[in-house]
Every structure is written in structure tokens, then in C-alpha cells.
Amino acid sequence: MNGDPRLDDIARMLERLVAASAGSDTLTAVERLERLAGTVAERVSSMSRYREEVETRLESLVEIITAMAAIDFSRRAPVSERADALDAVAVGINMLQEELQHTMVSRRYLDDILRSMTDMVVVIDESGAIRVANDTFVETLGYTRDQVVGWHFGVVCTKCAAQAPCAAVRETNGNVSAPCETTFRGRDGREVPVSCSGRRMAGADGVGQTVCAAQDITERKRAERFIRQQSEHNRLRGEVWRLAASDDIDEKVLVRAMLKLVAPALGFDRASFSRLEGTVPESQEFVTEYVWCAPGVADTTGVRIPARLVLPNLCEGARMLGIADAVSGLPPEVRAEAQERFATVSQAFQTAVVVAMPLVVDGNVDGVCTFDILAGRRLEDEESGLIGGLINELFSILAGAVSRRRAVLSLAQAKVAAEELAARAQEASLAKSQFISVVSHEIRTPMTAIVGMTQAIEMTTLSDEQCELVGVMREAEDMLMGLLNSVLDLSRAETGRIVLERTELDVRRIVEQRVTMNAGAARSKHTVVTAHVDDAVPAILLGDPLRFGQILANLLGNAVKFTHGGRVELTVGVAIQTPTACTLACSVADTGVGIPADKIDQVFEVFSQADASTTRRYGGSGLGLAICRRLVEIMGGQITVTSEEGKGSVFGFTVRFEMPDESC
Amino acid sequence: MTSTDPLSILADGAQNPSRFHNRGQRILPRKVLIIDDERIVRYTTSVLLTKKGVTTAVAETGRQGVEMALSERPDLILLDIMMPDLDGWSILSQLRANPLTASIPVVLFSASDYAETVRRASDLSIHGLLRKPFQLDELLKVCDLPQS
Numbered sequence: 001m002n003g004d005p006r007l008d009d010i011a012r013m014l015e016r017l018v019a020a021s022a023g024s025d026t027l028t029a030v031e032r033l034e035r036l037a038g039t040v041a042e043r044v045s046s047m048s049r050y051r052e053e054v055e056t057r058l059e060s061l062v063e064i065i066t067a068m069a070a071i072d073f074s075r076r077a078p079v080s081e082r083a084d085a086l087d088a089v090a091v092g093i094n095m096l097q098e099e100l101q102h103t104m105v106s107r108r109y110l111d112d113i114l115r116s117m118t119d120m121v122v123v124i125d126e127s128g129a130i131r132v133a134n135d136t137f138v139e140t141l142g143y144t145r146d147q148v149v150g151w152h153f154g155v156v157c158t159k160c161a162a163q164a165p166c167a168a169v170r171e172t173n174g175n176v177s178a179p180c181e182t183t184f185r186g187r188d189g190r191e192v193p194v195s196c197s198g199r200r201m202a203g204a205d206g207v208g209q210t211v212c213a214a215q216d217i218t219e220r221k222r223a224e225r226f227i228r229q230q231s232e233h234n235r236l237r238g239e240v241w242r243l244a245a246s247d248d249i250d251e252k253v254l255v256r257a258m259l260k261l262v263a264p265a266l267g268f269d270r271a272s273f274s275r276l277e278g279t280v281p282e283s284q285e286f287v288t289e290y291v292w293c294a295p296g297v298a299d300t301t302g303v304r305i306p307a308r309l310v311l312p313n314l315c316e317g318a319r320m321l322g323i324a325d326a327v328s329g330l331p332p333e334v335r336a337e338a339q340e341r342f343a344t345v346s347q348a349f350q351t352a353v354v355v356a357m358p359l360v361v362d363g364n365v366d367g368v369c370t371f372d373i374l375a376g377r378r379l380e381d382e383e384s385g386l387i388g389g390l391i392n393e394l395f396s397i398l399a400g401a402v403s404r405r406r407a408v409l410s411l412a413q414a415k416v417a418a419e420e421l422a423a424r425a426q427e428a429s430l431a432k433s434q435f436i437s438v439v440s441h442e443i444r445t446p447m448t449a450i451v452g453m454t455q456a457i458e459m460t461t462l463s464d465e466q467c468e469l470v471g472v473m474r475e476a477e478d479m480l481m482g483l484l485n486s487v488l489d490l491s492r493a494e495t496g497r498i499v500l501e502r503t504e505l506d507v508r509r510i511v512e513q514r515v516t517m518n519a520g521a522a523r524s525k526h527t528v529v530t531a532h533v534d535d536a537v538p539a540i541l542l543g544d545p546l547r548f549g550q551i552l553a554n555l556l557g558n559a560v561k562f563t564h565g566g567r568v569e570l571t572v573g574v575a576i577q578t579p580t581a582c583t584l585a586c587s588v589a590d591t592g593v594g595i596p597a598d599k600i601d602q603v604f605e606v607f608s609q610a611d612a613s614t615t616r617r618y619g620g621s622g623l624g625l626a627i628c629r630r631l632v633e634i635m636g637g638q639i640t641v642t643s644e645e646g647k648g649s650v651f652g653f654t655v656r657f658e659m660p661d662e663s664c
Numbered sequence: 001m002t003s004t005d006p007l008s009i010l011a012d013g014a015q016n017p018s019r020f021h022n023r024g025q026r027i028l029p030r031k032v033l034i035i036d037d038e039r040i041v042r043y044t045t046s047v048l049l050t051k052k053g054v055t056t057a058v059a060e061t062g063r064q065g066v067e068m069a070l071s072e073r074p075d076l077i078l079l080d081i082m083m084p085d086l087d088g089w090s091i092l093s094q095l096r097a098n099p100l101t102a103s104i105p106v107v108l109f110s111a112s113d114y115a116e117t118v119r120r121a122s123d124l125s126i127h128g129l130l131r132k133p134f135q136l137d138e139l140l141k142v143c144d145l146p147q148s
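Sequence order for the protein chains is Z and F.
Residue numbering for the first sequence follows our numbering, beginning at 1 and increasing consecutively.
Residue numbering for the second sequence follows our numbering, beginning at 1 and increasing consecutively.
Treat the hints with care, as some may be off.
Stated by the list, open to error - Which chain F residues stay away from chain Z? Per the calculated CB distances, all over 12 Å, these:
hint, residue
1, Lys31
2, Asp36
3, Ser46
4, Ala57
5, Asp80
6, Asp85
7, Leu86
8, Ala97
9, Ala111
10, Asp123
11, Leu130
12, Lys132
13, Asp137
Said to hold, decoys possible - Derived, one-sided and incomplete: chain F residues facing chain Z with beta-carbon distance under 7 Å:
hint, residue
14, Glu38
15, Ile40
16, Leu70
17, Ser112
18, Leu140
Hints listed in this document are in silico derivations from the structure and should not be mistaken for laboratory results.
Small disclaimer: the values here were computed from a predicted structure and weren't measured.
Where is the CB? At the ideal position from N, CA and C, for every residue including glycine.
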């Protein structure tokens with residue numbers, strides 16, 4: 001059975017007809033029945049054809065609807081000419097499809113826009129629940145869209161915790177709010193700084209809603225912080241330079257002042273200076289003294305750390321010890337060791353971060369300055385790098401300042417020592433000169449008697465032999481007095497006690513006198529002494545005639561003494577002439593024995609005749625040239641010598657005299 | 001060779017009596033008082049002067065010298081500067097202070113820093129200066145005695 005109730009009805013009617021027709025005109029009945037049966041069969045066949053057609057059409061409609069559900073609008077529902085109910089349905093489906101297609105396209109368009117936005121966009125309803133969130137929003141914060149839709153916006157935005165949207169947006173009254181800075185909480189608890197602005201508007205359903213657009217300003221914040229830090233660091237640099245330049249503060253005070261200045265400015269909790277104690281490397285220890293502690297931070301002054309734990313790293317150049325990244329940045333083979341060291345250090349100091357900086361002054365480790373951050377806090381990577389660099393820089397300023405202070409100090413000490421030495425030398429020199437003066441006085445007294453008595457004897461009647469003997473005595477007396485006077489002169493010159501006279505001086509007359517005085521001795525040695533004074537030399541100058549004469553006498557005397565049968569030539573010219581002063585250039589040249597090249601540097605030294613035997617051969621005290629040099633120097637000039645052994649010597653000197661005032 | 005040539009200073013001083021007080025007409029001194037704490041100097045000077053026919057008196061201290069200047073009335077006084085009790089400068093001012101001795105010519109003789117002596121003496125009216133040790137000629141000249 002086909003299950004069609006009408007067909008069942010027909011079957012039942014047929015059974016009744018067959019039963020009723022048993023005694024009647026059966027033929028007619030049979031004919032009628034056969035006709036009826038034919039009609040029924042025809043009907044049944046037509047019905048089952050229709051049924052198949054309907055099923056096919058329905059299947060097709062189902063397929064189209066299924067495609068529509070999968071947002072596939074590629075096929076339209078077929079509409080037949082029959083215009084039956086199914087066609088009406090098909091037409092309806094097609095209309096729906098068109099409408100849906102239109103909506104879907106605009107929705108995708110919107111989604112595309114939202115997705116392509118780099119700003120985080122959320123739509124929240126009046127209750128503050130998130131209804132729409134774009135990709136940037138969920139991706140930035142690490143959520144999925146399904147998670148956040150339906151959340152109260154205050155879960156994400158710290159400003160909207162009490163009320164979403166926040167008052168800033170609520171009060172804008174349909175306009176876009178000014179951007180406000182807040183932070184969004186991400187999935188892992190991290191906070192993302194954002195700049196957010198919102199606009200309230202009516203939604204599609206007519207219910208009020210708010211669109212918020214927020215920008216991630218992490219980079220901007222970082223840049224701002226960097227700039228703030230830089231300016232803070234620059235301020236610190238300035239302050240440290242100022243400190244370093246204040247020379248009146250002592251080295252220890254300087255180090256402490258700097259630690260006190262730097263630690264709070266860079267966000268540390270404590271600052272210490274650890275003095276290196278002990279001399280044997282194995283037993284050296286750093287003794288910590290906290291210079292500055294933030295309020296409420298424990299002061300563990302007195303903690304001792306073995307130097308071997310700290311020093312090698314510092315000296316290897318890993319200047320930042322303790323910052324985890326500094327440790328991890330070390331080569332693998334020393335990392336474990338450094339970590340162990342850091343563990344020891346941080347345990348001893350109860351810190352999470354220790355920035356340790358050796359104070360290296362003139363190549364020696366003086367101690368270690370440390371900056372601590374207590375357990376529970378840590379520096380950001382970037383920050384630690386920056387701070388490390390800055391601290392490095394500040395410490396080199398500090399080390400420079402300490403080194404300079406020490407240099408100044410040692411210079412001052414050296415100066416005091418030098419002054420003491422100079423004073424002692426001066427005292428010694430004065431004592432020597434006083435001694436010479438006293439001795440000379442004491443010698444003069446008996447010499448008076450000797451000289452006097454020699455002359456008294458000469459007044460008596462003497463034999464030839466006695467005359468000769470007394471003559472030798474007189475000669476000896478003259479020599480002795482010459483030596484005594486030279487020693488006194490030299491002593492006076494060395495202690496600066498020669499006071500030059502300033503009187504009229506006639507160069508030509510002095511030259512003549514001195515040549516005359518040496519003429520006798522020269523003649524006896526067959527030596528010719530000549531003198532030439534240039535016409536440019538002024539007739540009268542102001543100076544010390546006695547000392548000028550003494551220089552000439554010494555040089556002429558020497559020249560005559562060392563020349564045998566030759567020439568001695570004295571010349572005087574003008575070297576420099578100004579209206580107020582005249583510097584004379586004088587020279588005494590001889591054709592005598594000369595001075596060996598290796599001895600010539602010493603001729604102006606005290607007691608330095610070229611050869612010790614010279615004294616015996618030529619006599620003289622050996623003080624004459626030393627006295628000449630000092631006299632020339634105090635008269636504002638210089639003395640030089642050129643000589644060739646066996647050919648002769650030339651002594652040249654300059655002396656400065658004043659010009660007499662013409663108006664007087 | 002003598003380097004400083006002290007003679008030249010002495011010669012200057014002796015040749016230019018105008019540098020010191022000129023006592024006017026030259027009178028040959030007959031009696032010279034020698035005031036010096038050193039015996040050998042007193043003796044030597046005395047011997048030399050005596051040989052030139054001059055009477056000498058000697059005093060060995062400053063005080064004695066001042067007393068003898070009064071009692072002996074010498075024509076000239078040879079006065080040493082460095083002496084233990086009274087130095088030459090004090091004696092000179094004492095002699096000058098007394099009218100009886102004020103006009104006696106005084107010759108200073110000294111063994112100490114000669115330049116300093118010359119400087120100090122130039123302010124005082126003294127007859128002459130003599131540096132120890134001295135030559136006979138110098139002694140005679142400064143005492144206005146004829147040279148041999």
C-alpha cells in the first residue's frame with residue numbers, strides 16, 4: 001500500500017461494490033467496475049508521477065537552502081509554470097537568498113574594514129558588555145573573539161572597571177571623545193598602554209551602544225620613558241661632573257656623595273661602597289658600607305664578601321655583575337660560575353639585583369661600589385643596559401676625579417717636600433757662606449800680622465839670601481789673599497748677596513786699566529795684549545764698574561796665563577741698544593794652549609781647571625771662571641767659550657748696562 | 001793674578017779723601033792710638049808705625065780705647081770694627097760725642113765684609129778705611145805719612 005488514505009478508501013468502496021453486485025446485472029457492474037478500476041489505476045499512476053516530481057523539487061529546494069546556510073548564493077530555486085505551492089516557496093527562497101546575499105556582502109565589507117584596522121576596535125552595549133571586537137583587539141591582547149564577546153569591558157580596560165564606557169566617553173554626547181590614556185589587560189596579565197577614544201551611537205536594533213577605538217602606545221610610552229630617562233641621566237651626568245669638579249671636597253666624601261646622588265635617581269634601593277681589605281689576594285675581602293638606603297630598606301653594613309668571588313669578574317671586564325642578563329650574556333663556560341657568584345653575593349646582600357662597579361683609580365681596584373635592588377623587583381632588559389652604560393660613564397668620571405685629587409695631593413706633598421729641600425739647601429748654602437765669611441775674617445787677622453811682619457822685616461837690613469826668602473813669603477801671601485777673595489766672591493754670588501752698584505761707568509777706561517795691569521805679565525811671556533772698543537759703545541753707561549772690571553781681569557789674566565809667546569785680543573762691541581739700555585758683547589781671544597773638547601763643558605764649574613795638574617802648572621784657584629759666569633749672569637748676560645786645543649780659546653760674554661738719563 | 005783686586009777700592013778711598021771727612025791741612029801725626037782686640041794686629045801695626053818714627057799707644061778693648069783717647073790725646077786713631085765689648089761703630093760715636101776727642105781723625109780697619117764697611121762708613125766723617133791684611137804703603141797713605 002502506498003499509504004494514501006484516499007486510495008484505501010477506493011479499495012474499500014470496490015470491495016463493497018463487489019459484494020453488492022453478486023446477484024445483479026453483473027456484466028454492467030463488471031463493466032462499470034472495470035472502467036472504475038481503469039480510472040483508479042490511471043489516477044494512481046498519475047499520482048505517483050506527481051509525487052516523484054514533488055520529491056525532486058523538494059530535494060532541490062533543500063539543497064539550495066543548505067547552500068544558503070553555508071553562505072553559498074550561487075544557485076537560484078527553480079520555479080515551474082505550474083505555479084503551485086512549491087513554486088511559491090521557491091520564489092520566497094529566492095527572494096530571501098537575494099536579501100541575505102546583500103546583507104552578507106555588506107557585513108563582510110564591514111568585517112574587512114574592521115579586520116584591516118590597526119586600531120583595536122570594540123563595540124560595547126549599554127550594559128558595558130562587549131558585542132564586537134576586531135582582530136587587532138583580540139590579537140594584541142591575546143584573546144579569542146569568542147572569549148571576549150559578552151565580557152564587561154571593565155575586565156579589559158582599567159579605566160572602565162567601574163563603569164563602561166568610562167565617563168570621558170559618556171559625556172561626549174554623540175561626538176568622538178578626546179583620546180584618553182588607559183591600559184588594557186591582556187590574557188597573560190600584561191598591561192598594554194593605549195590611547196582610546198569612543199563615540200556613543202544608536203545600534204541597528206535602536207539600542208544605544210559605544211564604539212571604542214584604541215591604539216597601542218607601548219612604543220610611544222617607551223620612547224617617552226627613554227627621553228625622560230635620557231634627560232634624567234643627563235641631569236645626573238651634570239651633577240656628577242659638578243661634584244667631581246668641586247676640588248674642595250675630600251675623596252671619600254666625593255665617592256659617598258656620588259653614590260647618594262646616583263642610587264635614588266636610577267631607582268635603586270641601596271648604594272654601598274665596599275672597601276677592599278687585606279693584601280694577600282686569597283684573603284682579600286670587600287667590607288660593605290651602605291651609603292644610602294631607601295626608606296624602609298635594610299642596611300646590612302659590615303657584610304664581608306671574599307674578593308675572589310667578585311674581583312675576577314670585574315677585572316675580566318664584566319662590569320655589571322648580578323643583573324641576570326649580564327650573567328646570561330657571559331660566555332657559557334663562565335656563566336655557571338658567575339651565576340654561583342651572583343647567588344652568593346645576592347644572598348649575602350638580600351638583593352635581587354646588584355650592579356657592582358669597581359672603582360679603578362690609576363689601574364688599581366680601590367673598592368667596589370654597588371647599587372642594589374631588593375628581592376622582588378627587577379630591572380627591564382633595556383633599562384639595565386642603559387643604566388649599566390650610564391653607571392660605567394659616571395664611574396669613569398668619578399675615577400678621574402679621584403685620580404686627579406690624588407695627583408693634586410701628591411703634587412702638593414711633593415711641593416712641600418721640594419720646598420723643604422730647597423729651604424734646607426738654602427740654609428745649608430747660607431751656613432756655608434757664613435762659615436766662609438767667618439773663616440775669612442779669622443784668616444785675615446793672622447794674615448795682617450804675617451803681611452805686616454814680612455814688610456817690617458823688609459825694612460831691616462837683610463842679606464841677599466834673606467831678601468829672596470822674604471820675597472817668596474810675600475808672593476805666597478799675595479796668592480793666599482787672591483784665593484781668599486775669590487772664595488768670598490763666589491760665596492756671595494751663590495747666595496745672591498752680590499749687590500750691583502749703579503754708577504757711571506767708562507768702558508774704555510776700564511778696558512785700558514785692565515790691559516795695563518796684565519801688560520807686565522804678558523810681556524814677560526812674550527805675549528802681546530791688544531784691546532779694541534767699538535765706536536758704537538757709549539762713552540758712559542750706568543752699572544757696576546768694579547764687577548765689570550773684575551770679569552775682564554779674570555778673562556785677561558787667564559788668557560795671558562795660558563798663552564806663551566802669542567796674542568791676547570780683547571774686543572768690546574754693542575749687541576743690543578735701546579734708548580734705556582745697552583748690552584755689550586765682549587770677547588777675549590787668545591792663541592794659547594786651548595781647552596780639550598771633553599773638558600770645555602766644565603770650565604765654568606767651581607774648581608774645574610781642565611786638568612788637575614793645570615793648577616800646579618799655571619797656578620790659580622780655579623774659581624775665576626765660575627765667578628765670571630755668576631757675575632755675567634747677575635749682570636743680565638751670558639758667557640760662552642769656544643776653544644781648540646793647541647790653537648787657543650775665545651771667551652765671549654754679554655753684559656747689560658743702563659743708558660744714562662740724557663735729561664739729567 | 002788677583003781676581004777682586006781690593007787694592008783698587010783702597011786706592012780709590014785713599015786717593016779721594018773727599019769721600020771722607022777732610023781734616024784740612026795735613027799734619028804729620030806724631031802719636032797714633034791703635035784700638036784692636038787682637039794682640040798680633042796691635043803689635044804688627046805698632047812695629048810698622050814705630051819704624052816710621054811714629055809714637056804708638058795701644059788699647060785692647062773698646063772701653064780702654066775711649067779712655068786712652070782722652071788720656072793719650074793721639075793725633076790719629078786706628079780703630080778695629082769687630083771687638084768683643086764695644087764695636088768700632090759705638091766707639092766712634094762715643095769719641096764723636098766728647099768734644100775732647102771729637103776732632104781726632106779716625107781710620108777704621110776691618111777684617112770683615114769690606115763692601116758693607118764701606119757702605120756704613122760713607123755716612124760717617126771718618127778719615128780713612130783699611131782692609132786687613134794691609135800693605136805698608138796703604139797704612140802710610142791712610143795715616144798721611146810719607147811713603148818710603
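How the hints compare with the structure:
1. Lys31: holds (19 Å)
2. Asp36: For F/Asp36, whose nearest Cβ neighbour in chain Z is about 9 Å away, the distance does not exceed 12 Å, so it is violated.
3. Ser46: violated (10 Å)
4. Ala57: holds (18 Å)
5. Asp80: violated (9 Å)
6. Asp85: holds (17 Å)
7. Leu86: At about 18 Å from chain Z, F/Leu86 clears the 12 Å cut-off, so the statement holds.
8. Ala97: holds (28 Å)
9. Ala111: violated (4 Å)
10. Asp123: holds (16 Å)
11. Leu130: The assertion about F/Leu130 is violated, with a minimum of 10 Å to chain Z.
12. Lys132: Contrary to the label, F/Lys132 does not stay out of reach of chain Z, its closest Cβ about 4 Å off (not over 12 Å).
13. Asp137: Label violated. Min Cβ-Cβ 9 Å, cutoff 12 Å.
14. Glu38: With a closest approach of 5 Å, the F/Glu38 hint holds.
15. Ile40: holds (4 Å)
16. Leu70: Violated, about 27 Å.
17. Ser112: holds (5 Å)
18. Leu140: violated (10 Å)
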